[in-house]
Amino acid sequence: MTIVQFLIVGTALFSLGLYGVITRKNAVLVLVSVELMLAAVNINMVTFDVYLGDTLHQGQIFSLFIIALAAAEVGIGIAIILMIYRNRQSADVDELNLMKG
Amino acid sequence: MTVSISEFFRETANWAFLVIAVPTLYAGWRTVTSNNIVRAVLYLVVSLGGTAALFFMLGAEFVGWTVVLVYIGAVIILFLIGIMITRAPLGVEADLSHDRSVKAPAALLSTVMFGVVTWALLDAFSNEAIAPFDSTSTTELGLLIFDRFVIPFEVVSFVLLAALIGGIALARMDSEAPE
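Which chain is which? The protein sequence lines are A and B, in order. The numbering used here puts the first residue of the first sequence at 202, with every later residue one more than the last. The numbering used here puts the first residue of the second sequence at 16, with every later residue one more than the last.
The set of hints was computed from the structure by calculation and includes no laboratory data. We put the beta carbon where it would ideally sit given N, CA and C, even for glycine. Where hints are given, some of them may not hold.
[As the list claims (entries may be wrong)] Partial list, derived from the structure: chain B residues whose beta carbon lies under 10 Å from chain A:
1) Leu93
2) Leu105
3) Leu137
4) Ala146
5) Phe164
In isolation and in its complexed conformation, chain A is listed as follows (with noise of 0.2 Å):
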């Protein structure tokens, strides 16, 4: 096995995920792409970690680091989602025009 091969993988889900945040119109799955990128980079992460044989596993940590705030940013970004909805009755990323000139 060579950490090239895991590498690739993190590589493609995350390109996977920058198409999804620009095509996605409804707001949940712009992040729902977020999570696929987040998780692309945990598998870089945990791939250096572990090729590179770090005694404090920082890499590991990093990533249970960015497990904890991507389940935060989720949370808090639901909650705005859902106050969007109550205003405008609608979680469609292009209604939400208000500050265009």
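With chain A fixed as given, assemble chain B onto it according to the hints.
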């Protein structure tokens, strides 16, 4: 590139890797393209499960189980609740993505990014081998978190607490604020 294709398939662990990686990527693709909103979220479960399996292959067992518990157990439920509360079209094919004028540049951008990063990775790390299933001790990881990384750990705990309280406060707020 010195690692040839035939050499890749001679190793048994690489077959296990392919069995995990191909469904992971397919599920990721369906997550961002599916026109059924609940299916898109359920494909994310498959994709994150594949990620956890890759962590097990790398020997990061604690991170793998954390992904299973936190992502698949909690985050997916939050997504499903978010979908149902915002009355998204459930169980039907709906128009969930932008049309071709957005899709084409997005596909170009992500393909170019994938190509450039893959080329750089192959150039730099093409034959750096690691041992499969060489597991990291969870005891060691726990001791490190509560010794060397205790302050970042507390900061993350506080961020999580603040985010959850903020989420509850936002979700409970009535649309007409009292005068």
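Structure-based check of all given hints:
no. : hint   : result
1   : Leu93  : holds, 5 Å
2   : Leu105 : violated, 12 Å
3   : Leu137 : holds, 6 Å
4   : Ala146 : holds, 7 Å
5   : Phe164 : holds, 5 Å
Checked against the numbered hints above, the structure violates only hint 2.
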